[in-house]
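Turn these sequences into a full structure, and let the hints guide you.
There are 2 protein chains.
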Amino acid sequence: MTYCVGLCLDQGLVMASDSRTNAGVDYISSYSKLHLFQPAPDRMFILLAAGNLATTQEVLNRIRRDLDQAAHPDPTLIAPATTLANVAYLFEAANYIGQINLAVQNEHGPALRAVGASVEASFILGGQIAGQPHGLFLIYPQGNHIAATPETPYLQIGESKYGKPILDHIVTPSLSLNDGARACLVSLVGTTRSNLSVGPPFEVAICPTDALAPLQRLRLEEHSPELDTMARYWNESLRQAFFQLPHFPWEQSDRTAGEPGEELQQMQG
Amino acid sequence: MTYCVGLCLDQGLVMASDSRTNAGVDYISSYSKLHLFQPAPDRMFILLAAGNLATTQEVLNRIRRDLDQAAHPDPTLIAPATTLANVAYLFEAANYIGQINLAVQNEHGPALRAVGASVEASFILGGQIAGQPHGLFLIYPQGNHIAATPETPYLQIGESKYGKPILDHIVTPSLSLNDGARACLVSLVGTTRSNLSVGPPFEVAICPTDALAPLQRLRLEEHSPELDTMARYWNESLRQAFFQLPHFPWEQSDRTAGEPGEELQQMQG
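From first to last, the protein sequence lines stand for chains A and B. The working numbering puts the first residue of the first sequence at 1, with every later residue one more than the last. The working numbering puts the first residue of the second sequence at 1001, with every later residue one more than the last.
Careful: at least some of the hints might be erroneous.
[Claimed, not checked] One side of the interface only, derived from the structure: several residues of chain B facing chain A at Cβ under 8 Å:
#	residue
1	Tyr1031
2	Arg1113
3	Leu1175
4	Asn1178
5	Ser1194
6	Gln1216
7	Trp1234
8	Asn1235
9	Ser1237
10	Gln1240
11	Gln1244
12	Leu1245
13	Glu1251
Since the hints were derived computationally from the structure, they do not count as laboratory data. Even glycine gets a Cβ: it sits at the ideal position worked out from N, Cα and C.
So, in C-alpha cells, the structure goes:
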C-alpha cells in the first residue's frame, strides 16, 4: 500500500507521500512516490503515485519518453502529439496521464488478473501552467479524474482513511503552506503508526503559486531526529488536548492537576 | 457500515457504538448496536454488533431464545446445553456466540450470495463472570475470536480505520474508565465526520471491574448539546495542538501570536 496526499491551498500546493512498497508482508522496500516534472520554463507538475509499482513506473517512463521523443524527434517515428510540455491546461495533463495509465493497465491487466493480482494505479497530479491558477487532480485507475476545490482542498490516494480525520480538522484553503506541510506530515505519521504498509521516508514538496518550482523539498527518514521530534510533539500535544476535554457530569473536577475542563451538561444516563 | 469499539482497561470495560444502519446510501436508519445481557447475578455481557443487520438481529434473538428455553424448559423440546447463563468462562461465551453467528450465516448465506450481498456479521463481546477477570473479545464472521490484551487493549469492528489513530495515541490499560469513554467518543466523532455510514446516536457503557453491571450508560443524540460541546472542544483543542507544532527551520518564529513552537532542526532541503 501507499499513502499520498496533496493540498490545494490559496498560497499554492503541498504534495506529500510515504515511500513504502510491499509485495505481501515479507517483501518490503522503499521507492519514491513523489515525482517532479519541469518540462518547460512556464510549467511545473508533481505526480504522486499509488498502486501496482510496475504500472506506476511504466506510466512515469512513458511520460518521460514522450517528452524525450518530442524534444529530440526521430524522423522514423511519429512524435507524440501530447506531452506534459505542450498541454495547454492542467486538466489536459490529467487526461493525458489518465490515458497512459489506462494503456499500461490494458497491456498488463490480463496477465495480472490471471493470477489474481491488481494492475491498478492511481495518481495525484499537482501543478501550474504560467498565467493559470495552480491545480490539484486525482487520476483514477479508469483514466478519468476529479479536481480539488475550495470545499475539499485535499486529495488522497492509497491508505487514506487513518490520516483523513486530522485533515478534516485542519485543512482549509487559507492554511499556510508550512502549516499544510505539517498537516500532511501529521497525517502520514498517524497512518504509519496504524498501518505497516505505509512508512518513511516521507517526502514533502511545497510549491507556492507562480513559483513554478518547489520552494522546499523534504525527505524525512525513519527515526530521523526531525521526524521523531515532530511525532513526539504531536503525540504529547494531542494527549494534552485529550485530557482537557470536558468532564462527564458524574466526574469529580480534581481529575487534572491544572485547570479542570468545563463540565458536559445534561448527559443522559 | 457501523463503528463499534471496546476497551479492556485495568479498571474495567468501556463499550461504545454508533447507531447508523444503511442499505445503500438512500436507506439510512438507526438501530442500537450495544446489547446488555445479565442472565444471572454472577455475570454480565455486552455485545456490540456490526455487519448484516438481519444476521446480527437473529444472533441476538437466538441467544435470548436459548436463555428463555433453558429458564422455562418445554418438555417436548431439547433444552439448549449452552447459554450465556451457564458458560463457565468468558471465552466459552465468545465461542458460543461465534457458533450461533456461523449457524445464522450458513442458513441465509446461499440466498444472499446469490444476489451478491454479504451475510457476514462480527461482534465485540465484553463481560465478566464473578471470580474471574473482565475480558474483551472480537468474534469474527467465521466464528472464531481473539481477545484484547495489555499490549492491544482495544478492539474495533466495522469502519475502524478513521478512529484508530486517536486510540493508538491515548489508550493504554491504565487509562481511567471516564477517559476511556471520552476516547471512544472522540474516535466515534472523528469517524462520523469522515464517513457517512457511521452516525449518532452514540451509545457508551462503562463497566467497572466486579460491578457486573454498567455503572454509566450514555446515549448521545445527533446535535445534542453534549455531543456538540465535546466535538467543538475536541476540534478546537486539536487545532491548538496542531498550530503549536515545531516550526520548520526556514519559518519565521512570529507565526503564532503566543509562544512560538520549538524549531525542527536539520531538516533536509
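Hint by hint, here is what the structure shows:
1. Hint status for B/Tyr1031 relative to chain A: violated, with the closest Cβ pair at about 18 Å, above 8 Å.
2. Because the beta carbon of B/Arg1113 sits about 19 Å from the nearest beta carbon in chain A, more than 8 Å, this interface hint is broken.
3. Because the beta carbon of B/Leu1175 sits about 10 Å from the nearest beta carbon in chain A, more than 8 Å, this interface hint is broken.
4. Residue-level restraint check for B/Asn1178 holds (minimum Cβ-Cβ distance to chain A is 5 Å; threshold 8 Å).
5. The interface hint given for B/Ser1194 holds, since its Cβ lies 5 Å from the closest Cβ of chain A, which is under the 8 Å cut-off.
6. With 8 Å as the threshold, the beta carbon of B/Gln1216 comes within range of chain A, its nearest partner Cβ sitting at about 6 Å, so the hint holds.
7. Annotation: interface hint on B/Trp1234 holds; nearest CB of chain A at approximately 6 Å, less than 8 Å.
8. Interface restraint check for B/Asn1235: the shortest CB-CB distance to chain A comes to about 6 Å, inside 8 Å, so the restraint holds.
9. The interface hint given for B/Ser1237 is met, as the beta carbon of that residue sits about 3 Å from the closest beta carbon of chain A, less than 8 Å.
10. Nearest Cβ of chain A to the Cβ of B/Gln1240: about 7 Å, under the 8 Å cut. The hint holds.
11. Among the interface hints, the one on B/Gln1244 holds; its C-beta lies about 6 Å from the nearest C-beta in chain A, closer than the 8 Å criterion.
12. With a least beta-carbon distance of about 5 Å to chain A, the hint placing B/Leu1245 at the interface is held under the 8 Å criterion.
13. Residue-level restraint check for B/Glu1251 holds (minimum Cβ-Cβ distance to chain A is 5 Å; threshold 8 Å).
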